[in-house]
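Okay, here's what each chain looks like letter by letter:
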Amino acid sequence: MARKAFVDEERCKECGLCITACPKSCISFSSKLNSKGFHPIEIDHEKCIGCGFCIDMCPDTAIELWEVAEA
Amino acid sequence: MEKKKLIRGRPDALNDKIMHYCPGCGHGIVHRIVAEVVDELGIKDRFVGIAPVGCSVFAYWYFNTDFHQAAHGRAPAVASGIKRARPELIVMSYQGDGDLAAIGTAEIVHAANRGENITVIFINNAIYGMTGGQMAPTTLIGQKSTTTPLGRDPRKAGFPIKISEMLAVLPGSRYIERTTVTSPKEVNKTKKAIKKAFELQMKGEGFTMVEVLSPCPTNWRLTPKDALKFVEEKMVEYYPLGVFKDEPVFND
Amino acid sequence: MEKVMMKGNEALAEGALRGGCQCYFGYPITPQSEVAEYMSRRMPELGRVFLQTESEVATINYLYGAAGAGVRCMTTSSSPGISLMQEGISYLIGAELPCLIANVVRGGPGLGNIQPAQADYWQATKGGTHGDCRMIVLAPNSVQEMFDFARDAFDLAEKYRNPVFILADGALGQMMEPVELKPFLEFDPHKNDSWATTGAKNREPHVITSIHLEPEEMEEFNRHLQAKYLLMEKEEVRWEEYQTNEDDLDILIVAYGIASRVCRNAVDDLRASGIKAGLLRPITLWPFPKAEIRRFADRKIPILVVELNMGQMLEDVLLAVEGKTLVDFYGRYAGIIPSADEVVRKAFDTLKKVGK
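Protein chains in written order, with our numbering: chain A, 373 to 443; chain B, 11 to 262; chain C, 98 to 453.
These aren't lab readings, by the way, just hints derived from the structure by calculation.
Beta carbons are placed, not taken as given, at the ideal position from N, Cα and C, and that holds for glycine.
Fair warning: there could be bad hints in the mix.
Covered stretches of chain A, as calculated for chain B (at least 3 residues, CB under 8 angstroms) [stated by the list, open to error]: (1) 382-396; (2) 412-421.
Heads up, simulated BS3-like pairs for lysine-lysine below, C-alpha to C-alpha not over 25 angstroms straight-line [what the hints assert, rightly or not]: (3) K27/B to K404/A; (4) K239/B to K396/A; (5) K298/C to K213/B; (6) K404/A to K235/B; (7) K419/A to K213/B; (8) K13/B to K396/A; (9) K256/C to K325/C; (10) K331/C to K298/C; (11) K419/A to K13/B; (12) K27/B to K376/A; (13) K14/B to K419/A.
Please put together the full structure from these sequences, using the hints given.
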């Protein structure tokens, strides 16, 4: 079973602290807007290793770590 | 991708309200760390937090625990009053630098020196956040703020105050550590420190404080990423990280 | 019941702890330091909390914490110390926390002196603190009442979820009289569990706060406070009358606290000279016995107000009489307690003003 980070787009405030922490450079800002007008992050699940560093840095508890079914 | 099982989400001690803090603010990180520690120690049902005056005045909006909002600077007195009245509670005084290191110096010094059995989480971001970026007692020399537009000049505005070093020399303080939240590694050190502080309080060992150097991108006029760099490069230079005191106070 | 000789300050302390006071916080200041000294012995004997803090500013905030945790708690101080506590008093009222605060008043303004005075009447009754604040203000005039009022204060405070204030003075604090020591009050220690910070076990979190950012919410909360104050005005007015039964009373003296004792003697002396004098003594300074004083004003009975200040309660008497009768004033200051003779002389003066 693999572990992957998932973002709650409504909670994300586009601060990007997760991006500074990600060892796999798999997080980027998306082009969508959430209801607060922020561009929430998106996570490239192909590259994500589920380390949780992004969760450590997120001030908005916008990211969760899940066990996922293997593709 | 199909989610099977949640490994790590929002801690139980936090509710699901979206925090009012600015993007990249350290308060949110420290709130989460505190909540995770409260969960891990299983103390949610006997925990009382003190919300100060400042950006974290509404900290109680986010915690699933009892909270008491205090006047500016008086959080250690309120926390100690609660702890004296109900020693079975685990009490946290959560304070910023204006609150703790300027208007509240008498209360923090005497709470520490009396060995009040409380835990203080001291958020040092070198600025008054809520009132709009004025000079704090911890503002660095040369740092610009809305009341030091040319940068802090110590001949006029005094020197940045080193609270952890100050409190560590008091015979009553049990455990004092300064940490930061600039990387996952530092976040985890902060978490370990806060956990240790609460554990010491649970054992009745006396006054504990964790000072967290914390970013305030909005009032520093920096991006969240550059704000982390400011902490790492400028703040840590003046406010060194580490344990300043860790020794039993009461030897009976 | 047993009677013992006690100092007023000690009686206040013993009364409070028999009323269920679990935590005492204080800071030394003359002329009330005996309260803290007494508590430092008695509270540990009873397994309760005594703490001498670093300042009155800290003291009132220890009280704020302990009151928020739902336990019966108190502090005492004297004039300048009470001034330092004002911010905290506003928070206590704003967060609706019951507790007891007592002021053993000395002379002011500034550092003033350490002699008995009644110069903090305005501060106590008009809200010395910010915001629309009210507290029940009890004014004892004997060592027995120092004990009784302190013992009853917590029930009263919990009834309204509001601090109760005792306004004494240096003379009452320092003098000794026999006191009947009534037994320890029985009360429900879990009465405040529905709102206090006792730990969120099997319930929603409790928050003690006084901040309401939304204007509508702030106004609504103030309406709620006003409703409480109205209820206090309706139910808690206390006063005492002496020799006021005749319809054709010549003069009414209004005095509270230590001054009321001098005036009681003056009433006796005036009556010995053939003047039908009476005394009305407000026991609650807020709520003030307005209607009771107006009864005399309606009958055009001249009123002499006597205080150990330069005329503070005087203003409440003037408001109560609505210009319907003459109101005269006699005040001595900061340690100079007027003699009954002085009050009698002044009363004759007042009578002359109305042609008697």
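Evaluated hints:
With 10 residues having a Cβ less than 8 angstroms from any Cβ of chain B, the region 382-396 of chain A passes the three-residue criterion, so the hint holds. Counting residues of the region 412-421 of chain A whose CB lies closer than 8 angstroms to any CB of chain B gives 1, which falls below the minimum of 3, so the coverage claim is violated. Proposed proximity of K27/B and K404/A is supported: the alpha carbons are some 22 angstroms apart, at most 25 angstroms. With a C-alpha separation of about 20 angstroms, the suggested pairing of K239/B with K396/A holds against the 25 angstroms cut-off.
As the CA atoms of K298/C and K213/B are separated by approximately 21 angstroms, the hinted pair is consistent with the 25 angstroms bound. Taken as a hint, the K404/A and K235/B pair is honoured in the structure, with Cα atoms around 21 angstroms apart against an allowance of 25 angstroms. Restraint check for K419/A and K213/B: the C-alpha separation of about 44 angstroms exceeds 25 angstroms, so the hint is violated. Between K13/B and K396/A, the direct Cα distance comes to roughly 21 angstroms. Compliance with the 25 angstroms bound is thereby established for this hinted pair.
For the suggested pair K256/C and K325/C, the alpha carbons sit about 10 angstroms apart, so the restraint of at most 25 angstroms is met. For the given pair, K331/C sits about 38 angstroms from K298/C by alpha-carbon distance, which is inconsistent with the 25 angstroms threshold. Restraint check: the Cα-Cα separation between K419/A and K13/B comes to about 17 angstroms, which is no more than 25 angstroms; the hinted pair holds. Of the supplied pair hints, the one linking K27/B and K376/A holds, its CA atoms being roughly 24 angstroms apart against a limit of 25 angstroms.
Between the alpha carbons of K14/B and K419/A the distance comes to roughly 19 angstroms, so the proposed pair stays at or under 25 angstroms and holds.
Against the hints set out earlier in the document, violations occur for numbers 2, 7, 10.
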